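The primary structure of each chain is shown beneath.
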Amino acid sequence: MPLTVIRSLEKNLSLQAKDFLLTMQEFFQFSLRAFFTLPKLKRYWRDFLDQATICGTDSIPIVLVSAISIGSLLAIEVGNLLEDFGAKTMLGRSTSISVIRELGPLLMGLMLSARFGSRNGAELGAMKISEQIDALRAFGTDPVAKLVMPRLAAALVMFIPLTALSDFAGLQSAAYLAEHYHHLDPGIFWNAVYPRLGPKDFVVGFAKAPVFAIIITLVSSYNGFIAKGGTAGVGRATIKGIVVSSGLVLIANFYVSKIVLENM
Amino acid sequence: MIELRNITLKYGEREILKNVSLTIKDNTIKAILGPSGVGKSTILKLMLGLIKPNSGQVFVDGTDITSLREPELYPIRRKMGMVFQGNALFDSMSISENLGFFLRENLKLPEAEVQERVAEQIKFSGLEGYEDQLPENLSGGMRKRVAIGRALIFKPHMILFDEPTAGLDPVSSKRILHLISTLQQSSNLGAVIVTHIIDDVFSIADHAAVLYQGEIIFDDETEKLHQSEHPFIRSILSDKILEL
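Taken in order, these protein sequences are the chains called A and B.
For the record, in the first sequence the residue sitting at position 258 is 258 according to the numbering used here, with numbers rising by one throughout.
For the record, in the second sequence the residue sitting at position 116 is 116 according to the numbering used here, with numbers rising by one throughout.
None of these hints come from the bench; they were simulated from the model.
This structure is a prediction, so every number in the text was calculated from the model and none was measured.
It is possible that part of the hints are untrue.
Simulated crosslink set (DSS-like; lysine-lysine; CA at most 27 Å straight-line) [as the list claims (entries may be wrong)]: (1) B:K10 / A:K11; (2) A:K228 / B:K45; (3) B:K108 / B:K45; (4) B:K45 / B:K18.
Chain A with its partners taken away, still in its complex shape:
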């Protein structure tokens, strides 16, 4: 009996591993197709502009809200901590590094994973379920070029200014709280920010934008493309897209920081 259970477990694990490897292979091919169709951007210019509005302009409010809240919280908490050591004048330095290197891009990535990623998963999933993606293929249009590539290009372009906006809003809110909560002179705050920020800090932060753009767009779009099982299937595809892309954003955030900081 235990031997049967072990064999059955072994068979299940082997099937799961096979499924996982097949999915990875399909995802890799899907991603390559999305990149290889980038030269067709001119043809899908209008789709690109639509997606740039959705992931860029329309995402500004959520990026601002998250950046302002994290900048404010950092200023309050780090300021309290530094006060214990009599080092409150270093508040600008510590918050700027945290916001520009890590929290600005990371929160923007997570927010866009939820906003842009969920939209991709739901929209493409619904198109898959209603056979609209099959219709594109049936009439001779490459659905990856038409539906995924403009999303990828738009995210690659728009995530960089959104990162800058997130950094700017985070720092401004931190400066505001430093002045009004910790009663720190703005001159002291900004003097601790500007002279000490180096190119490395900006490279760490801004290198994450294209990485997150690729992760969020491809993972969420792929999950939409393979949706099956009716409206519940669209829901599952959307959730899976958000969960996987958010997890990968967190992992990528760590590795980009590590690689850049170790090599600059």
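Using the hints provided, position chain B relative to the given structure of chain A.
Same frame as chain A, now just chain B:
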């Protein structure tokens, strides 16, 4: 001409099609009849190269499409028009945008010609006045006519219908069948119709094939269905509608 030669298709462990062979000649209407979930729509997808068989070949005008890569399939697919069961209209586009979409997308025709062809299809489908409506604002029969118009706009040699009358009221069903029949007579267009409604087969199809448990159990002129001794065919001739 479309030819399926010894096609076997499996989904996981389940064998959907077992050594299926079928030929659809130009300028004829062939119906593929069978219960729901038996793999009828899968046959249409195989004809378009949307899915690949585990074994066997699919020939479209003499070209084996099973060995072609996706971009190589696009020109071959444009020889055929497909009307999906759920219509697969682009729900964010108006009726005229749906009709003109693939002309703009794939043929890069001058805009005046696109407009002309769209107007032609609108008129043919009896949808004048609905050009700017979204698909969600139309009835099931009207949506089906838009889907047929979209399939015809490329002027294909063959048109593939997946359950063209499923879910339609009797009047709309009759209108769609009349439209298909008119097309074949006026445009010399070949058609493949997948259906589970036997009355539809007798109404318009010259030839019929019956798919049962993954195998073709009948493939001949429609009228010869009455001569078949196969128990399944006898039962559908008496019940008229399959599945349910």
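Inset, instruction - Sort out whether A:K11 lies within 27 Å of B:K10, counting only the CA atoms. - result: Holds - the C-alpha atoms of A:K11 and B:K10 are around 20 Å apart, at most 27 Å.
Legend entry - Proposed proximity, B:K45 with A:K228 (alpha carbon, max 27 Å): 16 Å, holds
Inset, instruction - Take a quick look at whether B:K45 and B:K18 sit within 27 Å of each other, Cα to Cα. - result: 16 Å, holds
Inset, instruction - Measure nothing beyond the straight line between the CA atoms of B:K108 and B:K45; if it is 27 Å or shorter, mark the hint as holding. - result: With a Cα-Cα distance of about 26 Å, the restraint between B:K108 and B:K45 holds, given a limit of 27 Å.
This entry satisfies every hint, going by the numbered hints stated previously.
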